[in-house]
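Quick mapping for you: the protein sequence lines, in order, are chains A and B. Each residue of the first sequence is one higher than the one before, counting from 1 in full-length UniProt numbering. Each residue of the second sequence is one higher than the one before, counting from 1 in full-length UniProt numbering.
A portion of the hints provided could be inaccurate.
As the list claims (entries may be wrong) - Straight line, CA to CA, 27 angstroms or less: simulated BS3-like cross-link-like pairs of lysine-lysine:
1. B/Lys-417 to B/Lys-19
2. A/Lys-31 to B/Lys-417
3. A/Lys-122 to B/Lys-239
4. A/Lys-122 to A/Lys-31
5. B/Lys-195 to B/Lys-333
6. B/Lys-333 to B/Lys-19
It should be emphasised that the hints constitute simulated quantities derived from the structure, not laboratory data.
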Amino acid sequence: MSGPYVPEIATDRDGNQHEVQGWQDDFYGGKLGFWLFMFTEVLMFGAMFMALAYYNTLHPQDFLDASASLNRLLGGVNTVVLLISALTMGLGLLNMRVGKVKEAKLMIWATIILAAAFLVIKGFEWRAEYNHGIFLMHDQMLPGSSLPFGQKLFFGLYFTMTGLHGFHIIIGIGLMIWLLKRINAEKVRPDHHILHWNIALYWDIVHLIWVFVFPYYYMIGAGGVTGGH
Amino acid sequence: MSKTYFDETHCAIGHPKSKFMQWMLTVDHKRIGIMYAAVMFFYFFIAVATAFMMRLELFAPGGQFMDGDTFNQAFTLHGVIMIFLFIVPGIPAIFGNIVMPLMIGAKDVSFPRLNWFTFWLYVVGTVVAMSSLFTDAGFADTGWTFYAPYSINTSTNVIFTLVAAFILGMASILTGLNFLVTIHRLRAPGMDFWKMPLFVWGIYATAWIQLLATPVVGITLILAIMEKYFGIGIFDPAKGGDPVLFEHLFWIYSHPAVYLMILPAFGIMSEIIPVFSRREIFGYRAIAISSASIAGIGYLVWGHHLYTSGMADTAKVIFSFLTFFVAIPTGIKFYDWIATMYKGKVILSTPMLWALGTIITFTIGGLTGVTIAMIGVDIHLQDTYYTVAHFHYAMLGGVVFLLFAGMHYWFPLVTGKMYDEKHGKISFYIQFVGFNLLWFPMFIAGYYGMPRRYFDYLPEFQIYHQLSFFGAVIFISGLVYMFVVFYKGWTKGKPAGTNPWNATTLEWHLPSSPPPLENHSKVPYVDFNPYEYHHGHPVVKFNYETMQRID
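Same shape as in the complex, but just chain A:
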């Protein structure tokens, strides 16, 4: 952009002047747009949660059994990792808003590292499940296996939803790397940080979805394992 944007002035019949909101430099417009986009993400995962709840009512015991076999330690660690990453992301945005660009960048790096850690832990988890014969198109999940219907559905949705969530984490890492480049190029500055704001919002949605995924998949069967129904 060459030169700052100057909003136009509209004059009414009494000669009063009104500032015109242009599409340029529209901080609230950018925020509104991204909130709406995040709303579509919620609807997407919402539809899957609805399918999950529907099959849960059809096969309650299978769901508890399948849930009990998930690894709560790794899942729990991942929840903590993701919550801390939401904290670092938020701190980065706060730093950006008060002008501490260097600290903000550090916090974004911390978020990227935590996000990568999440994916690595998730990978170990999936590998363990694969070794138990439970993975898409593999062993227990094939139509002929003896795994009960409810468990198959549980794991089918488990891999779809955690996979889609992981995909969002990967996109998030890409977005954060892009954000760092934009900060270095001074396209994102303390007085012009809508991109940072929106990526932080994106990251909040990603961790918020996990906050619902975790109890529904990992915790519903925990009572059977710990003995406390």
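Position chain B against the provided structure of chain A, taking the given hints into account.
Leaving out everything else, chain B in the frame of chain A:
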């Protein structure tokens, strides 16, 4: 005014010298709208040709030149193009882009570069959809609804179509999002929601549906892909899944999508009727709110597609009554339009003819819809030609007719020239006659039990199919005629001037025709209602240089 990178070429990337690249990379909402129209009508004619092939095949009982499998692929191709490529993005992408920012006095949409990206996302989607035509397994044969479990089991290339529908849905979401923010943020000073033209209201209601309903079908298509290629079991009874769940998830989107198609079309109607009656629209607020309530109620009626799929009786009754309720706001609109014409100075120009024709055809389409919303009647008429005739009366005779009306109405705005009124009117009459001859016999055939999607039929249905065929010939001739009229108008038409229809809304108060980049020379202050006429003349007049009112 300071110059930005955007002022010089209005391109998303760089400053290309060639005219061609300037169009390809443009972020100007008017150019993007025109490009949408070009791509959409290209596919529209492919789908029309496919439909005509099916009519030819059905001219006589028994197989003529198509076997059953090819016929299945043909109606799937027709449906996929018409729904996902043409009519769902249709009016919002074409006129929402070209006209909506002009109507609210904005320089562009809120996110011009996102708009450019969305257009190309749409183009990618169309290419993916068509690409399976050229693969060995062939185009999907599932119908445009992709019902499980058949779509899971068929050996045709459903994945291309599913992925394409997802991409096109994404484009639709982004368009809706862009328009919502535009309407909320970029209205000219003084223009509150009750001073917006009704087309903007239509686009606004549509944008909400695009945003709220499309993600659901997006994830449904992804789940279908996961089911087909990774066997997650969700829609496959062999793994404990429930195919009816697919139908629910699909129609949660796809029924609101029907209203998503018609609401902007009603918006066009609300623009044309007052202008050609030279009278302020009757019941402005009622029309605006009925758009919003159609969008709201339309969200809760999807179950009427599933009466025969297995559903609780209570649910059926609730869905049936909710479906009736949609007719109420729709009826309010129609009575308002007719009341607007009452004691008005009705001018029968081509756009008005199309609008009046639509009042007839959409009333037939809408009321036959109410009959099949009744559970008992629907059990008899579900999946017959009656349903086919109903939704073609509603979609072709409603949405597409109004799209054509809008094309005539805004033709001088977009091209700066005037088409030939006489030939425009003749093409309307040809299409109107052809349309009714094409679809009306199907109501009768369907009532007697002619099932849809069959490539063969009993001899007793032959007369209806043959009438339909002749209707199709007449309709398509009129269609081609109309486009010839447009083409001649564009190349040889007389200059139209900035406001040939004596209209009142802001898109007719531009300094030149076609409109310049960045639209109005100055943003006006809006302290008037959209359709103010006094004794048949527009009340509000502007100095087009300063955009100050001079009346």
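Outcome of the hint check:
{"no.": "1", "hint": "B/Lys-417 to B/Lys-19", "verdict": "holds (21 angstroms)"}
{"no.": "2", "hint": "A/Lys-31 to B/Lys-417", "verdict": "violated (40 angstroms)"}
{"no.": "3", "hint": "A/Lys-122 to B/Lys-239", "verdict": "holds (26 angstroms)"}
{"no.": "4", "hint": "A/Lys-122 to A/Lys-31", "verdict": "violated (31 angstroms)"}
{"no.": "5", "hint": "B/Lys-195 to B/Lys-333", "verdict": "holds (18 angstroms)"}
{"no.": "6", "hint": "B/Lys-333 to B/Lys-19", "verdict": "violated (43 angstroms)"}
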